[in-house]
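*Asks:* Here are the chains, one letter per residue:
Number of protein chains: 2
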Amino acid sequence: MEKEREALQVWKERVGQELDTVVAFWLQHSHDEEHGGFFTCLGRNGQVYDHLKYVWLQGRQVWMYCRLYRLFERFHRAELLDAAKAGGEFLLHYARVAPPGKKCAFVLTRDGRPVKVQRTIFSECFYTMAMNELWKVTGETRYQNEAVEMMDQIVHWVRVDPTGLGRPQLSGTPATEPMAVPMMLLSLVEQLGEEDEALTSKYAELGDWCAHRILQHVQRDGKAVLENISEDGKELPGCLGRHQNPGEDLEWDMKLWWPHSEAMIAFLMAFSDTGDPALLQIFNQVAEYTFSHFHDPEFGEWFGYLNREGKVALNIKGGPFKGCFHVPRCLAMCEQILEALIHRLGPTPVVSSPADPICGGSK
Amino acid sequence: MEKEREALQVWKERVGQELDTVVAFWLQHSHDEEHGGFFTCLGRNGQVYDHLKYVWLQGRQVWMYCRLYRLFERFHRAELLDAAKAGGEFLLHYARVAPPGKKCAFVLTRDGRPVKVQRTIFSECFYTMAMNELWKVTGETRYQNEAVEMMDQIVHWVRVDPTGLGRPQLSGTPATEPMAVPMMLLSLVEQLGEEDEALTSKYAELGDWCAHRILQHVQRDGKAVLENISEDGKELPGCLGRHQNPGEDLEWDMKLWWPHSEAMIAFLMAFSDTGDPALLQIFNQVAEYTFSHFHDPEFGEWFGYLNREGKVALNIKGGPFKGCFHVPRCLAMCEQILEALIHRLGPTPVVSSPADPICGGSK
Chain A
1 MEKEREALQV
11 WKERVGQELD
21 TVVAFWLQHS
31 HDEEHGGFFT
41 CLGRNGQVYD
51 HLKYVWLQGR
61 QVWMYCRLYR
71 LFERFHRAEL
81 LDAAKAGGEF
91 LLHYARVAPP
101 GKKCAFVLTR
111 DGRPVKVQRT
121 IFSECFYTMA
131 MNELWKVTGE
141 TRYQNEAVEM
151 MDQIVHWVRV
161 DPTGLGRPQL
171 SGTPATEPMA
181 VPMMLLSLVE
191 QLGEEDEALT
201 SKYAELGDWC
211 AHRILQHVQR
221 DGKAVLENIS
231 EDGKELPGCL
241 GRHQNPGEDL
251 EWDMKLWWPH
261 SEAMIAFLMA
271 FSDTGDPALL
281 QIFNQVAEYT
291 FSHFHDPEFG
301 EWFGYLNREG
311 KVALNIKGGP
321 FKGCFHVPRC
331 LAMCEQILEA
341 LIHRLGPTPV
351 VSSPADPICG
361 GSK
Chain B
1 MEKEREALQV
11 WKERVGQELD
21 TVVAFWLQHS
31 HDEEHGGFFT
41 CLGRNGQVYD
51 HLKYVWLQGR
61 QVWMYCRLYR
71 LFERFHRAEL
81 LDAAKAGGEF
91 LLHYARVAPP
101 GKKCAFVLTR
111 DGRPVKVQRT
121 IFSECFYTMA
131 MNELWKVTGE
141 TRYQNEAVEM
151 MDQIVHWVRV
161 DPTGLGRPQL
171 SGTPATEPMA
181 VPMMLLSLVE
191 QLGEEDEALT
201 SKYAELGDWC
211 AHRILQHVQR
221 DGKAVLENIS
231 EDGKELPGCL
241 GRHQNPGEDL
251 EWDMKLWWPH
261 SEAMIAFLMA
271 FSDTGDPALL
281 QIFNQVAEYT
291 FSHFHDPEFG
301 EWFGYLNREG
311 KVALNIKGGP
321 FKGCFHVPRC
331 LAMCEQILEA
341 LIHRLGPTPV
351 VSSPADPICG
361 GSK
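In order, the protein sequence lines correspond to chains A and B.
The first sequence begins at 1 in our numbering and counts up one residue at a time.
The second sequence begins at 1 in our numbering and counts up one residue at a time.
Among the hints, erroneous ones may be present.
The list makes no distinction among identical chains, and a pair is therefore deemed to hold if it is satisfied within one copy or across any two copies.
With a straight-line cut-off of 30 Å between C-alpha atoms, the simulated DSSO-like cross-links for lysine-lysine are [stated by the list, open to error]: (1) K234 <-> K116; (2) K116 <-> K102; (3) K311 <-> K255; (4) K85 <-> K202; (5) K223 <-> K234; (6) K85 <-> K136; (7) K102 <-> K136; (8) K202 <-> K102; (9) K102 <-> K85; (10) K136 <-> K12.
Because the hints were derived from the structure by calculation, they are not lab data.
This one's a predicted model, so the numbers in the text were calculated from it and none came from an experiment.
All chains should be modelled from the sequences, with the hints used to inform the complete structure.
*Replies:* Shown next as structure tokens:
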């Protein structure tokens, strides 16, 4: 028990310190003081190598700053809130390609002109997350109205009519849905429903629908999670059907930051739910690998892209898909889970007599 | 001189034999006897791992078969011609998304239904190459009419009005043209104008325009060829402006089949033009690396994707971008250039007296 407490305590401190340096990195290098919003194409030392503003990452950074401001006393600082608000205003002004239409761009110029549009729902999802968090932090209803209206538009595109996304209808395109869609929607249901009974109730049926759709992607007797399945829940032929674990992956033999940070969260959550020490052991293993390979001791933050052997393949700290999101989110979530676990173990036992602290005083 | 002749002769035989096994691989594994056209998603041993038919590769394989049939006595076989014609018919029936509109799909199902459309000109370019070669081989004017009509459509999209390609007009998209466009058009000018005075004359101004546009991409005092430049021929900021050598690349540190096969052609051409032995030496170096790393001695053809250290990263023989094109085209072109070089050296000197063939008899 005491050994476990000690391990949890050590990780909590390590994770917390890492969160501090990661947040400091983004505060220092990513803010566009001129136009609002964030630079995310940052080199190893934080230097901006491209001024493009990717909408996913604008929304995610607003969300992250609000969340840190709201849930961590040490981040309850005007610096974070002001930057989140400036990011929110940038999105409100520029994210939509042709307002009042709700379709958002995928990437904007530094001053907010659309460069590319993806025919998917994801820019709009991160827009919604940002607006909902801004509302939670500021209480300004205009943010929440934006969030709920965009959410309703997304649900319409997914469940009623996708025409507005702009994808052509082609006779050879198989009727299929990537798991990313219900997964993303479910996380929005959770986001909007957090401490909000009216929205929890409004989106309850949608949440069930998402969970049902997600579970259909568990195939091959529970041994594989396939990204694309047929409309009646069967495995599809060809590469489309075999596709697993999509996202910001590049090559199959690379090691990327976000599956590692997600794995840290997942194993710590699983340990918290079950108490199985084998799961804590795996968290430990993944976290040790991650801290020793992805973390950059010289300039802070994490490298995103390693090769299979763990060598840095791209030394950028941010790009079109890596921004102020997966890493601080992982560290913040792990810090919270670790704190709750330590709390659950009860107060530290009082040592009854002075003893050699290296050998341990409580046995 | 004799040493050079010997080296050229050795390479000519090696390249010719390799061409035979490569062509045999595609003849054996890629033909769809049921629907016409070609499977290009082939595993290491030639097994089809996906039935999707990528239009670029359909057109390229038709072109390749016709060219081999037309220019190499040993490939002047009904098997190649019949497969090329079946591929041509498949394209005629299915490549266009909404006939009589000329926009072609990027990828089709096995039976020819469109799966995806790229908002570029490249499917149409390879369609044109295929039709022109089919005309050259069969003399059937319907093929040539298709080629010329499609060519005129492509030129219209590039030089007059791109609306038909379907790309949205976005205010933040910089006015730029990838070098791939004039490069591809110039190769069509060459293809259509080959032994055709009327078309040579028709496309002469276009050829000049392409060459002028291509040369604008040579930047930084001739030290870099940049893929994207501004409309007035200047380097663009950001990643877009720094982009070089696009194509079927995946990661910057990988070694791919096609830059190696293109380099073999380029250095042999350059040696043929200048006679500089240093260029033959580089051809030798690139070709040795390529034959020892990309070539698969067990199942034939070449691996497409190596990592930086030369280890096979993906052992497929074909996919969305690798088909019956770069490798046989390289080998066929190298064989032709080597033959011309050997021919230029004149007849082999007659050895005046019997001598030890290992020590050489002519000194």
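*Asks:* Hint by hint, note whether the structure agrees.
*Replies:* Each hint, compared with the structure:
1. K234 <-> K116: Answer is between: at 22 Å across copies they meet the 30 Å cutoff, but 34 Å inside does not.
2. K116 <-> K102: both (15 Å within a copy, 25 Å between copies)
3. K311 <-> K255: Intra 9 Å, inter 17 Å, cutoff 30 Å: intra and inter.
4. K85 <-> K202: For K85 and K202, the Cα distance is within 30 Å only inside one copy (27 Å; across copies 59 Å).
5. K223 <-> K234: within (14 Å within a copy, 54 Å between copies)
6. K85 <-> K136: within (12 Å within a copy, 65 Å between copies)
7. K102 <-> K136: Result: close within a single copy only, 22 Å intra versus 52 Å inter.
8. K202 <-> K102: Only inside one copy: K202 and K102 sit 21 Å apart there, 47 Å across copies, limit 30 Å.
9. K102 <-> K85: within (20 Å within a copy, 48 Å between copies)
10. K136 <-> K12: Result: close within a single copy only, 26 Å intra versus 73 Å inter.
No hint from the list above goes unmet by this structure.
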